[in-house]
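Using the hints provided, position chain R relative to the given structure of chain U.
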Amino acid sequence: MVDVKDYASPARPTWCTGCGNFGIWNAVKKALAETGLAPHEVMIISGIGCGSKFPDYTTANGLMTLHGRTLAVATGARLANHGLKVICTHGDGDGYGEGGNHFVSAVRRNIGIVDIVQNNRVYGLTKGQYSPTSPQGFVTKTSPQGAIEQMFHPLATALSVGGTFISRGWSGDIDHLTWLVKEALSHRGYALVDVLQPCVTFNRMYSYDWLRPRVYKLQEEPGYDTSDKVAASVKAQEWGDRIPIGILYRTKSQPAYEELVPALAAGPLVKQPLRNRPLSAYEVLKQEYL
Amino acid sequence: MTVNDLTLKIAGEAGQGVESTGRGFTKALVRGGLFVFGLQDYHSRIRGGHNFYQIRVADHDLHSHNERVHLLLPMNKVAVDEHLREIVPQGGVVYDPALEPEGPLQGELDESALVARSVQAFPIPLLQIATEEGGSKVMANTAAIGAAAGLTGYDMEPISAVIRENFGKKGQEVVTANLKVATAAYNFAAEKYAAAFPFKLQRRDTAPRMLITGNEALALGAFMAGCQFVAGYPMTPGSPILEWFAAHSKEYGIVIKHAEDEIAAINMVIGAGHMGVRAMTPTSGGGFSLMVEALGLAGMVEVPIVVINVQRPGPATGHATRHEQGDLLFTLYAAQGEFLRVVLAPGTIEQCFEAGYRAFNLAERYQCPAIILSDAFLAHSPRALEQNALNLDVPIDRGALLSEEQLDRLTGRFKRFAVTETGVSPRAIPGHPQAVCAPSSDEHDEYGQICEDAAARIQQHGKRMQKLETARAEMKAPLRYGPPEADLTFLTWGSTIGPLQSAVEMLNQQGQSANIVQIMDIWPLPVGKVTTALQGAKKLISVEQNYGGQLATLVRAYTGIQVHGLINKYDGRPMSPEYILAHLKGVA
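From first to last, the protein sequence lines are chains U and R. Going letter by letter, the first sequence gives residues 1 to 290 in my numbering. Going letter by letter, the second sequence gives residues 1001 to 1588 in my numbering.
Incorrect hints may have been included.
[Stated by the list, open to error] Facing chain R, according to a computed beta carbon distance under 8 Å, are these residues of chain U, among others:
{"hint": "1", "residue": "Val2"}
{"hint": "2", "residue": "Val4"}
{"hint": "3", "residue": "Ala33"}
{"hint": "4", "residue": "Lys53"}
{"hint": "5", "residue": "Val73"}
{"hint": "6", "residue": "Lys286"}
{"hint": "7", "residue": "Tyr289"}
Hints in this document: simulated from the structure, not taken from any laboratory. These numbers were taken from a predicted model, which means no experiment stands behind them. Glycine included, every Cβ here is placed at the ideal spot set by N, Cα and C.
Chain R on its own, in the form it takes in the complex:
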């Protein structure tokens, strides 16, 4: 028997309640003091298709999902066909023969396929329990949660608490009915099958933890940095950030604008940034592509803005709901001409929060666009997190922003783009009589006045590019995991760090020696710090969710260090630790 080390998977069509059931159960696990990592997989459609919600549970913090499923809750036959091969020996399938009355789940499931893999079948009349105990078949999903809890011996109390919370708005009657259904299914599963199922869940007594996704942590970090203006156009997987700000806008005094398109969104953000407000736009790669010209405007008129690109597979529409890290090199060079942008690529929930506030500080310190490169896996995957892992007392640094008093003392015309050693010119919030200026997206002089002189071009372009070197010095060194010396060093970025960490832990447990270098401060690339981190590597493998190995390309271009191999994936599904280990054989 194992305790608190299992993966549960709920799978079915869109519209069957896969997500709400998964989320409800995950919440009940976190409430019971367990660590979880959730993986969501869904199609770009409102009904049909095949979706799943996979919950890994443990007594320790989890970096990623894995490929070993212990309990499958299929809502249709397709779900069994799709996921049977993932189930471990002695694992089980909880299903209702009547859930798909017209289809193959009717009557007994073909158990021979399960038996061949030593997987146990646990038929439970979920619909019947829902109808008899609750009075409605829509409660079959509640029955499924109850059954899973009964089978694993989990405590009913956190399950009941989540049911009360989720159905509270619908009235006491609905709450009571659902509680009855869950309890009945719990008892049915516990009595009939629990003894045969060796994977158990036990409640732990701990301080309450959060269940939070990358998108939510990013929004929270940006908000705590004082982001007061968010404009965007809905695009999966970036829209939840816009929706987070919309949901909190009234209470916290944020202006949010669902714009007519992404071009408008980023230009609105530039307008707000020029006025002195901390402003941001979240999007995905397609929307980011539309924003590119305006990115150059922010670079030219030196307006601080924050752009979040939650990547998904491209080009064009690509895989709307899926995962890829294919926009790295594009993000670094997007827009005509040369100008400074800062690019941060968080890989964990904590790093999302950090990137959320650092982006604003960097944008204002260097008066440039700061881009956060997140990805769908990070955006969608909820993880249990200690509350103190996110310190809301985030530093706020507005850079060279002139105060009212400093402006009062200014004489003569305001030189908005005064040449300085760092390249950063003191900025003023428009509205003060001494701060009057009209910056131009044309090349301009120190006042912002349109100027086509070669000397002015050299002066101003040089000033702006100086900021690149000033900013580079501030960018942080790569993050390192594992022993300082190792036979194998992995290079990675973004959410791939999660599965890679799990893979490296497995390798080191097996007696090999491996470590990881993760680059979060992508641009300006801190070349010296990256070189230091990588130059001793005996064997260097880049692990990236793209075809070409974009980080490896970047690192080679700027440090001359070449990786010995690449583990990549571009099927829209995030890597698992098992995938990394399996593909390591081919490259190392």
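For reference, chain U alone in the conformation it holds in the complex:
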């Protein structure tokens, strides 16, 4: 039995009091324990940002990398050892801004990663600049007249490039988020869990009080079918007075990337010997040049 305390770390989070990251952190640890995954059976990879300090506050295999490169490092890690559950925790700037190309590529690949994006719609660690998911007109230190760009819709983007598990959570509802992460952990390929989280210091506009009345659970919507891509496409762009949370779209028909790599049919790469045949059997490689 895995207990959520197994994930406890001696380090104390440096997040602000009331930060949405606490909710995400607790939900993920709970989901991992309830799934029965021990700290040495997972690999939590993050980038740089407030939320990316997640592995530092969690006892589990991890790696804190570079801003924006989280998914690239995680892709290599997953291909090297698909025996470990690979989870990414990084923010909206990391995932959708600096790492935008890696995001699109990871979705297209359907690589077996649970990607938890801590989406507070602002740059927190650098003290308040607008992010890809900030709305148009959002006033920050780098957008004093309001952001000119249109807001990035991660779920719609993921859907358009072939995403197989597209979901949104909300840090203010830990039970729902725990359930969502568990569903993501059971997914066969790339699972996007975009989590709305307030930044209590640098994004006063999208606070708990703003978000709480707006979010609604898709699984409570009568007749909502998570295998209906057209319906998901509508929900992925619904934003404003009502914001859907839960699983927008899920399909199990697409194999994960690692299932289609011939070398991985023999098991996790790291478990395979550096040379798997007698030395003399390699001489044939020289014969290619005769």
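Okay, now just chain R, sitting in the frame of chain U:
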């Protein structure tokens, strides 16, 4: 008459079959027991431009091409204009007046230009032979190979063997047609011109040799070291390494990833390396520039990775298909902050193979990025090589990697970055309950936990930098060629060693005394060993394919030894022995 000492050059536009013809003939020469050195030159385009494939042939191992062409096979008029001045007296031009029906090759070539240089014209109706004997004009290149063989008196058997192999997939009919074409052209050239052509080729009976390039030897060395993961983004001249691994991935259980960009490629390699897999990314200078930030990540979290930078002329796009050694100093210092990287710069095919496996051992011994600095000349030039020149039984040293049993005995939290005398902290493959840790690219403590204390910074930065000195002691002394004592000592690195060796052999044959110091283990520079190798030099000349003399700069910075002169080149074309000798006059 000379036997087995000539250079043949095939030249024309991209798309005319210069490369495939050159490769086919080169293969037939190696099959016939001859030594060859091939030089390829092509433009960054799919059609048009001017390309050539130059094959030097001898009875002894060859270090480089040279500038004396004996037989030119032009596929258009431009090829004659470009290369006529390279042809030696009594040398010849095999051409088909009809190959360029609209252009100046129609009818007779203007032979007066050839006669003025004592070069012989050998017009042969290659197209006509191809059409009449083979039924298709696409076989004109086969006719050219047959003609070259007939002219030089070479044996048809190895030529036929290569034709059978190259066209076998297209069916017996195509093979037979090509064989007929080659034989007809052979007979035509032999009967009409062979008596006038004094440069001959004779088959030798030897054990089969390989025809292999630097890129291929590098890939083979890395593979034999147990490289199981290769990620990359195509960039000339590094892509063939990625393609080599892709071609062998299914058979040998390698994971290859054509990534979305070079930044992704190196970060994937770091992810794989962190998981315990031997992982590598090949690229060229532009791609390497994109990888720089991640290089620092590997340095900070102490993940072993291998990066190959097959250099080409920069900056920016530079000369995409051409040669330069301009990235040395950049490679040594790329990325913010101070950290250990190992840099190996092979100069020969054998050294490419060696660098391929040593890089993995050094990366794992010192838990750092190991960079192989190759170059386009080395990457593209095929050379005949004895099979036993590459010993596949390469040593594998995984450094301080904790075994399952050692991990079972560990108690308490795993100190991933424990302070040690060497600076190297024992590493564990993630997945063991005792190996749990989460290294951070932020400065961290011995556990890998983010830490901003000054004391922890001093401890961990000092630990990492200690590895630089530990590694320095292991780096090999420079390689030396020629007599131990000489009036003239050349300093060089990378593929420039090839032409330089040929040049030094010529100098010593002429009664001068010269030797060479080649530095392959570039970084950490083995300062003591380099000083020993250079301090007795009476006159020291650096020979480098760049503008600034980057190796000379490095050597001066760390040993205080200053070269007396620099022979350099930065036109994108590799140096020849003749170039080195001609420019020696200006510096020595």
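How the hints compare with the structure:
1. The beta carbon of U:Val2 comes no nearer than 12 Å to any beta carbon in chain R, farther than 8 Å, and the hint placing it at the interface is violated.
2. The interface hint given for U:Val4 is broken, as the beta carbon of that residue sits about 16 Å from the closest beta carbon of chain R, more than 8 Å.
3. The beta carbon of U:Ala33 comes no nearer than 15 Å to any beta carbon in chain R, farther than 8 Å, and the hint placing it at the interface is violated.
4. The beta carbon of U:Lys53 is positioned within 8 Å of a beta carbon in chain R (closest approach about 7 Å), and the interface hint is therefore held.
5. Hint status for U:Val73: holds, given a least beta-carbon distance of 4 Å to chain R, under 8 Å.
6. Taking 8 Å as the C-beta cut-off, the interface hint given for U:Lys286 holds, the closest approach to chain R being about 5 Å.
7. With its C-beta approaching chain R no nearer than about 4 Å, U:Tyr289 sits inside the 8 Å limit, and its interface hint holds.
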